[in-house]
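Q: Take a look at the letters that make up each chain.
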Amino acid sequence: MPVFFENREIVTPGDLLAEGEYEAGRNTYRDDSRVYACKLGLVEYKGRTVNVVALNTFYVPSVGDLVIGKIVEVNLHGWTVDINSPYLATLRPSEAFNKPFKPQRNELSSILDIGDIIQAKVIAFDRTRNPLLTIREPGLGKITHGQIVKVSPAKIPRIIGRKGSMISMLKRETRCGITVGQNGLIHVYGRNPEDERIAVLAIKKIELEAHTSGLTDRVTEMISKERGEE
Amino acid sequence: MTKEVRLVNKKGIRTDGRKPDELRPIKLEVGILSNADGSAYIEQGKNKILAAVYGPREVHPRHLALPDKALLRCRYHMAPFSVQERKSPAPSRREVELSKVIREALEPAIFLERFPRTSIDLFIEVLQADGGTRVAGITVASLALADAGLPMRDLVAACAAGKADGYIVLDLNDIEDKEGTADVPVAYMPSLNAVGLLQMDGQLTPEEFEQAFNLAIEGCKRIYELQKQALKAKYLAIKEAVEEAEEK
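Top to bottom, those sequences are chains A and B.
Per my numbering, the first sequence starts with residue 16, numbered consecutively.
Per my numbering, the second sequence starts with residue 79, numbered consecutively.
Do not take every clue at face value.
In silico DSS-like pairs for lysine-lysine, Cα to Cα no more than 25 Å straight-line [what the hints assert, rightly or not]: (1) A:Lys157 x A:Lys114; (2) B:Lys299 x A:Lys165; (3) A:Lys219 x B:Lys310.
Calculated from the structure, these hints are not laboratory results.
Here chain B stands alone, though its shape is the one from the complex (with noise of 0.2 Å):
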């Protein structure tokens, strides 16, 4: 490091005043893109993405089609202003991995089986990014899922968890990402009580590295409270409408 960053204060509070064990602000939405037949939008701390689903449908090109099952592509592009400095729209190294374990992560999700010969086509957007887009990438995406209508096994809610400044921290931000010791993003299906992803970059103990774990798999919970609730709310708003007009 070149300069030292104080990543948690005395107090125990981090850079952006959030106790360890604290989540960023989440902002969900569902069903805002008219075109797409699934869609939700995220806002996690600086973090904004976008999710669109089309399908299912045809395969093209035909000859990728599973005979079995449905096919699940997934695209995690980020913006080339979603970044401090331009990023290249075009596919890095990284977003091509990225897209990978995204698509591994909710394939367990989705009844596939029951269409086969057809592909679910998922779009990942990150319009800003500020640490673990990754994670707030499955987490949108899984209610865009929901959204189009698709049979699920269970929503997947996704969190990271790491270690700054010798604490460790849930909901990495972009700093703690970079300047922190260690980032364990996880992906969680909580009535399933099944993990879809987990990765580790940095060093941690064993014993560090199970209680990360474990906070991220409550952050996971957590999140997914938020995602019910957002799936719920477009429908509860029109019930609710309808209902104050009822009584006038």
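So that you can see chain A by itself, here it is in the shape it has in the complex (with noise of 0.2 Å):
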């Protein structure tokens, strides 16, 4: 049963990964008993699994998910929102108010109008429909301060760290808050602007070198070299 790569060397689509017993993880593909890549990534062999993490893909919406999105219509029964994925996501007004919604009475812009950025959850995605939003949760709803930053989805567990080590690194040298959306939208939102400028320039380096070891220090060293340049 060989493997035909080193742990966390980048492959291509095509790439014939694994032979015999082995099951076939994320961005893989079985074709009998060949597991394939199916993305340009790097490998990861865990045990009898074969995952290759992506270096680049889009969002495809998954319940429970976190994302930022965009308004982009205004319905009468609802907001079409824009979440960087290949699918439009809808809000219905039952999942943005408390009290019941009556659209004779009720003008939804009010509420939300076009190009307002909201924190919202997925709360049913499959493949036959739209994903559909909930705001009805403490911490969503419409972001009205900080800055956006978008970033490639497959860049987010990178931002995050293992167990959030990263993402509470990034929180704690540039005294932002930041809320990662799972989308790719990262809000950050500081004191005062050269605290965002720095967080967001951290965000960044973090996309641009996902893939290479030793990150989590580097961005710790470019964060207080820019502070001292202040």
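Build the complex: two chains, separate frames, hints provided.
A: As structure tokens, then:
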């Protein structure tokens, strides 16, 4: 039962990763007894499972995900939200109000209008229908201050880090609040623009160098250097 | 033929100095357009071709959406300045046909069924043409698709072989294409050992056809290696830069 690459080696779609009793994990597929990569990424052999950590992907919604999106349409019966994925999401009035919604009386655009940025949670999605969102939870809703940074959704796990190590370091060092949407949009809000600028720079650096090791230290170093130049 | 053109000389060397089974020099670059979700660029001899991928995204117009899989739309287009005589920018009969065969060569490589009701839009823009643009177009397009992060069964490599002056030659250039006796473009997925495009223009005996086909497959395998290198190059460059800075 051979494997054909070393751990964390870069593989391309169609590369034969393993043969025999292996299970095809993320970004791989099986053909008979062979496991192939289906995306460009870093290969990971974990016991019997073969995974590929993709270097670039787009966001596919999944129930329970926190996402950041932009209102692109206001209808009579809800909002259409661009969540940086192949599918547009819907936010229904019942998921935005605590009280019953009457289209005769309430104007939806007075709550959220086109161009507004919201933080929301995915409550339903399958291949037959577009994703549904909710903002009826603490912390969710319209974003009114700070900045939004867009990164590739493939880099989100790296920005959060193992058990949140990277993100807690970022928050501490940049003195900013940071909310990471699983769809690749990140909300950064600090006490002054300078803090936010540094946080954005750090996030961009993590995105670019996500596939290298020793990144946390390099980012910490970069932040303190930027601070020194103030 | 109005005048005699010598395509292969007595020593078996072709007009551009290549041996019969030699590819033109190829340069591949990935991720060069920031506004597209995926992009790639190829120079193969004097060919210069750009490919850009958008999607998966909402289908417009809506009624074209497929309920069970993504819709792959492909546009092969030659720029007006890509050939000697100005080409009308309107899509010609030939371009419409090539768009279709290129799409059909790439469709089996992508897991389209994972993204129902979406579209993947692929644009192949020929900036300079020198024979074999359909195969070079497939080669770059599959790189652009992989760059966009689409799940794929394999990369698609494409290459042509043909007959010129009685020789079976690989990777025809413009003169060999026009003055030669036959042209066999092939698109191939090496890991799956599957052919996605096979056409023939001109005359070949069954034996010659087989020889040309095998030569084209051989060419595809060489191009496949270049494709893999090109995809990795972008990330390896960053990694090396980081490691170098680390050592200082």
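Q: The structure should be examined with respect to each hint, and the outcome stated for every one.
A: So, going through the hints one by one against the coordinates:
1. A:Lys157 x A:Lys114: With a Cα-Cα distance of about 18 Å, the restraint between Lys157 (chain A) and Lys114 (chain A) holds, given a limit of 25 Å.
2. B:Lys299 x A:Lys165: Distance ~37 Å between Lys299 (chain B) and Lys165 (chain A) Cα, so the pair is violated.
3. A:Lys219 x B:Lys310: 20 Å, holds
Comparing the model with each numbered hint stated earlier shows that hint 2 is the single one that does not hold.
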